[in-house]
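Number of protein chains: 2
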Amino acid sequence: MIELKGKEYQQKYMPILKDKISKLDKQLGLAVIQVGNDEASNVYVKQKEKKALELGYKFVHKVFEEDVDNETVINYINELNNDDSIDGIIVQMPLPEQLDAALIQNSVNPLKDVDGLSYTNGGKLEQNHPSLIPCTPKGIMALLDEYNIDVEGKNVTVVGRSILVGKPTALLFTNRNATVTLCHSKTKDVKEHTKNADIVVVAVGIAGFLTEDMVKDGAVVVDVGISRIDGKLYGDVDFENVSKKVSYITPVPGGVGPMTVYELMNNVYEAYLLRNNL
Amino acid sequence: MIELKGKEYQQKYMPILKDKISKLDKQLGLAVIQVGNDEASNVYVKQKEKKALELGYKFVHKVFEEDVDNETVINYINELNNDDSIDGIIVQMPLPEQLDAALIQNSVNPLKDVDGLSYTNGGKLEQNHPSLIPCTPKGIMALLDEYNIDVEGKNVTVVGRSILVGKPTALLFTNRNATVTLCHSKTKDVKEHTKNADIVVVAVGIAGFLTEDMVKDGAVVVDVGISRIDGKLYGDVDFENVSKKVSYITPVPGGVGPMTVYELMNNVYEAYLLRNNL
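As you go down the protein sequences, you meet chains A and B in turn. Here the first sequence stands for residues 170 to 447, numbered as in the working numbering. Here the second sequence stands for residues 170 to 447, numbered as in the working numbering.
Just so you know, the hints here were simulated from the structure itself, not pulled from any lab data. Some clues are possibly wrong.
Any copy will do: because identical chains look the same in the list, a pair fits if it lies in one copy or spans two.
To be verified - Derived SDA-like pairs: lysine to any residue, alpha-carbon spacing no greater than 20 Å straight-line:
| no. | residue 1 | residue 2 |
| --- | --- | --- |
| 1 | Lys174 | Glu315 |
| 2 | Lys189 | Ile273 |
| 3 | Lys355 | Gln203 |
| 4 | Lys192 | Lys357 |
| 5 | Lys215 | Ile273 |
| 6 | Lys187 | Glu208 |
| 7 | Lys219 | Arg345 |
| 8 | Lys385 | Asn365 |
| 9 | Lys360 | Thr241 |
| 10 | Lys401 | Pro299 |
| 11 | Lys231 | Gly205 |
| 12 | Lys187 | Glu223 |
| 13 | Lys195 | Asn317 |
| 14 | Lys385 | Pro299 |
Since the structure is predicted, the reported quantities are computational estimates derived from the model, not experimental observations.
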């Protein structure tokens, strides 16, 4: 069994990205919009800020009060859309109830939409046209590529159909010529779909969801989940037992998580290239 | 075995649609843009014109010469986008090589994009937000609904991953809580994925592709293919033998085909409602 170490990938590729960026004649900029004071969001934004500064990005962190309205947020997004010093814009989720998340997300210029959550980038992914791809799915593919795990013609089962992870992951694997089955909370028997799969991606947010009996010998298992129980981090995979059976598996932490952060930074660079036709 | 008769559906629902349209205070309009003189395209456009006129739609058929450039087509699309008498715009595929199909398709106002092929509508479908959905997938769902075939929790295998049929069909079934497997030309063993499926949708364009041994007893089979051999029409399903085994099956012709035409007409009406916030 080989661990797919996203942490090591990040350590290897961040300097390479930094080198590419240093050759540009402009400082790249990332803006994060946050509403309210969600504990988890604070942590995620801090992580992003740290990596952005490491790369020498300009980093803008705008915090709105919990009771802000759509118009105020969208006006600010428009300022960022028109600001040439900003290459990537993130709206930190979740947003409070009174805001229209889809409307706000789609106010971001698709060419600066580094989370890949706009309709335009979703449609481009569906149609397999070049686009800004959501960071976690993109990171999963990059990690498999790094370990030379071939995807074409493989049977892939994705568990979880979120807009951020499950659906774009399924589309990305389909675009890479894998045969994909997409399971979710309404799937009658998830095991039926995972037990013969060559590659299983789990993104359900339930600690230890994927057990040993649900995967075949030699499968590749990608664990996107992260749950904190009594201060300890757990993935969606029963790592101790599943890891004995598979050929490759991502650990938690240190697997998919660092890939997501890396790909976000990479998307800022790619957004810059796309927007400037480079 | 029950045949899923799209022809009968069309005959039943066209008058209902006509009745709804007659209550509007405006004539609806559909525009079809065609480039060159492709034989099959001529037939498809004629079909659309016939149905549109039956409903009392204004019908505009614009034909450009084979060697037209992107700018000329896009300028014309912009005219239609700004023309309030036009509610739906179709660009008849395929387009000649010198044209940028994606650019042209995405020049259509997403609110008039009755083929559902723009990035915006693709992304909305992916995110399960209200949108103009491609006509064939929409027609398939409507036909299953008409026969009270429950989709939730079912295992669905879609064969073919085109932008027009396969991918949006897979997304639509996922949004309807089915567990979907999407097969295509790079799938190693299609039978492995069809033989246990509750519902099989085939859209590969190969006459008789889906054989009896590939489906389970009592399955529901939807045949999107249409091939003309020696003047006779064939679907992607070996109808004679598969039909003996399944619970429901669409015939060819008279199954999915009439649904696609109906849903196109329906999309013009829905586009009008969407664009006017009705």
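These are the hints, each one checked on the structure:
With identical chains, the CA atoms of Lys174 and Glu315 are at most 20 Å apart within one copy only, with a shortest distance of 10 Å there and 50 Å across copies. Taking the shortest alpha-carbon separations for Lys189 and Ile273, neither the intra-copy value of 31 Å nor the inter-copy value of 34 Å comes in at or below 20 Å. Proximity of Lys355 and Gln203 under a CA criterion of 20 Å is satisfied in neither setting, with 32 Å inside one chain copy and 43 Å between copies. Taking identical chains as interchangeable, the C-alpha atoms of Lys192 and Lys357 are never at most 20 Å apart, the minima being 52 Å within one chain and 44 Å between chains.
Proximity of Lys215 to Ile273 under the C-alpha cut-off of 20 Å is found in neither arrangement, the shortest distances being 22 Å within a copy and 42 Å between copies. Within a single copy, Lys187 and Glu208 get their C-alpha atoms no closer than 30 Å, and across copies no closer than 54 Å, so neither meets the 20 Å cut-off. In this homomeric assembly, Lys219 and Arg345 never come within 20 Å of each other (Cα to Cα): the closest approach is 32 Å inside a single copy and 40 Å across copies. In this assembly of identical chains, Lys385 and Asn365 lie within 20 Å of each other by CA distance both inside one copy and across copies; the values are 6 Å within and 19 Å between.
In this assembly of identical chains, Lys360 and Thr241 lie within 20 Å of each other by CA distance neither inside one copy nor across copies; the values are 46 Å within and 54 Å between. In the homo-oligomer, the alpha carbons of Lys401 and Pro299 never lie at most 20 Å apart, since the shortest distance is 39 Å inside one protomer and 40 Å across protomers. Proximity of Lys231 to Gly205 under the C-alpha cut-off of 20 Å is restricted to the intra-copy arrangement: shortest distance 10 Å within a copy versus 52 Å between copies. In this assembly of identical chains, Lys187 and Glu223 lie within 20 Å of each other by CA distance solely inside one copy; the values are 8 Å within and 62 Å between copies.
For the homomeric pair Lys195 and Asn317, neither the shortest alpha-carbon distance inside one copy (34 Å) nor that between copies (60 Å) is at most 20 Å. In this homomeric assembly, Lys385 and Pro299 never come within 20 Å of each other (Cα to Cα): the closest approach is 34 Å inside a single copy and 39 Å across copies.
Checked against the numbered hints given earlier, this structure breaks hints 2, 3, 4, 5, 6, 7, 9, 10, 13 and 14; the rest are met.
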